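Number of protein chains: 2
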Amino acid sequence: MSEPPFSSIGIVGLGLIGGSIALGVRQRWPSTRVFGVDADSVLAHALGDDAIERGFSNIGALPDVDLLILAAPVGQNISLLRDIRLMPGTPGDKKMVVTDVGGTKRAIVDAARALPSGVAFVGGHPLGGGERGGFAFARPDLFAGRPWIFTPAGDAGTPAVARLSEFVSGLGARAAVLTPADHDRLMAFVSHLPQLAASALMDTVGGAAKNDGLRMAGRGLADTTRLASSPVDVWRDICLTNADAIGDALDRLIQRLTQLREGLDSGDALDSIFTSAAKWRAELIKERD
Amino acid sequence: MSEPPFSSIGIVGLGLIGGSIALGVRQRWPSTRVFGVDADSVLAHALGDDAIERGFSNIGALPDVDLLILAAPVGQNISLLRDIRLMPGTPGDKKMVVTDVGGTKRAIVDAARALPSGVAFVGGHPLGGGERGGFAFARPDLFAGRPWIFTPAGDAGTPAVARLSEFVSGLGARAAVLTPADHDRLMAFVSHLPQLAASALMDTVGGAAKNDGLRMAGRGLADTTRLASSPVDVWRDICLTNADAIGDALDRLIQRLTQLREGLDSGDALDSIFTSAAKWRAELIKERD
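Protein chains in written order, with the working numbering: chain A, 19 to 307; chain B, 19 to 307.
Please keep in mind that the hints were generated in silico from the structure rather than gathered at the bench. You may find that some hints are simply not true.
Pairs count within a copy or across copies, as identical chains cannot be separated in the list.
[Unchecked claim] Derived DSSO-like pairs (lysine-lysine); straight-line CA-CA distance at most 27 Å:
hint, residue 1, residue 2
1, K113, K297
2, K228, K297
3, K304, K113
4, K228, K113
5, K228, K304
Bear in mind that the values here come from a model prediction, so they are computed numbers and not experimental data.
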């Protein structure tokens with residue numbers, strides 16, 4: 019087994035993503051020390067499953083680590099950046115890599131410019147995800163075969179990006195690099211829009227069909243609305259920090275739906291949208307195989 | 019094993035639904051004779067898999083049957099009703115149950131009023147479905163645990179409804195009865211709207227992200243757009259025969275998406291839509307367990 023890219027890791031937030039990182043590290047690099055920061059009940063669960071070596075209630079109490087991972091919702095991660103100065107050691111002397119796992123990147127990359135100079139911040143975004151959040155659903159293979167995007171503020175060739183790429187590759191992910199702006203714009207379409215569409219659809223259908231009607235639904239509705247159980251606190255932050263790009267994506271979806279609506283009697287819009295959608299769907303599936 | 023509800027069945031259209039009915043009948047009631055109507059290549063496949071006893075190129079060539087199932091797209095099923103007069107025997111003397119499996123019911127139930135008096139037509143709609151259509155994906159358990167809605171034109175207590183309910187229960191489905199109008203309105207929300215939303219979403223996302231961007235997508239996009247590979251010919255007919263109800267459903271979805279779009283900076287619409295959607299999603303999943 020190769021040398022671990024990091025010998026000690028602090029993970030702030032042991033939900034589905036943070037918990038899965040902890041479990042993955044313990045499995046891949048047993049010699050790496052893993053510390054967690056979360057509420058007591060979550061820490062107890064994570065300690066019980068041997069996902070972490072020790073738990074703490076705040077970043078300031080963490081021991082010195084090589085890598086700090088912020089795995090709370092986006093807004094909290096941005097606030098947590100300020101707490102890094104409270105960690106042991108002199109901030110200016112600190113040599114530490116910091117990353118996050120949030121769904122938007124421009125806001126946190128901007129905020130991270132205020133970090134002490136020794137701290138190398140690289141925004142990160144694993145495209146894992148699962149139907150349900152929380153440590154209870156964490157698993158070491160959550161990232162297997164899935165993209166993990168890094169968004170360095172400047173030079174993508176820095177040692178921190180290389181170490182982080184090696185790290186996530188060890189967890190089974192496919193490391194990629196985008197600018198924060200390119201990331202946010204792309205995610206508005208491939209991640210944020212599907213989430214908003216799924217929630218809007220489930221709300222619309224449930225409100226009209228009610229419980230009796232939902233009992234008559236086929237598998238299609240269940241698949242199309244799987245994302246509708248996502249936690250709102252995560253998504254509120256994502257919308258607030260990517261409102262411009264998500265607004266553009268929503269406009270385009272609304273435009274397509276309006277075309278379908280106006281063409282119901284003729285079928286013209288239906289033909290072109292279905293044909294194009296089936297072509298993109300085939301590409302999407304091909305990319306995932 | 020109980021007496022089969024029908025001793026001979028003709029199935030017009032051996033795609034995913036028609037083919038699965040044929041396979042299910044052969045498994046459940048081996049003594050029931052099953053005849054198919056489709057193109058030669060499909061018939062060869064169905065005969066090779068022992069799904070049917072004999073195949074024919076048109077309804078007029080079918081032998082006398084107890085039950086005729088129209089399993090083509092909605093528009094074709096409506097046209098096929100006229101061909102029933104071409105079947106052997108005097109139309110007025112014919113005692114036969116006819117049903118269909120199309121996704122809308124008002125149009126075909128109206129058209130079926132012109133059938134000879136001995137023919138008992140009851141509209142039907144199995145909520146099975148699958149990612150891909152065609153006989154190649156047919157399977158005898160496609161309907162297991164899924165609803166199968168009947169929409170009699172008048173009295174729901176007729177012998178034909180009872181026999182059909184027994185028939186689909188034998189295939190593992192849960193028989194239900196709705197009026198054609200109630201069916202079409204409900205399906206506009208629980209079936210037709212998810213399909214149109216999935217296709218519009220996949221077209222929007224693919225057009226913006228292109229192949230390189232789709233490679234960065236998580237599992238959420240793939241789930242939300244599973245329906246986007248559905249065949250357009252089936253859906254063109256559904257939209258044409260349920261345009262009023264689907265238009266209303268699309269209007270409501272567009273309204274929700276517009277609320278989300280206008281509230282991106284505040285999060286208010288997001289909170290209420292996500293909370294309501296998660297509640298309905300929990301109900302949907304509960305109903306399916």
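Against the structure, the hints:
1. K113 to K297: neither (48 Å within a copy, 46 Å between copies)
2. K228 to K297: between (34 Å within a copy, 11 Å between copies)
3. K304 to K113: neither (42 Å within a copy, 50 Å between copies)
4. K228 to K113: This pair counts as neither: shortest intra-copy Cα distance 56 Å, inter-copy 39 Å.
5. K228 to K304: Classified as between: cross-chain Cα gap 13 Å, same-chain 36 Å, threshold 27 Å.
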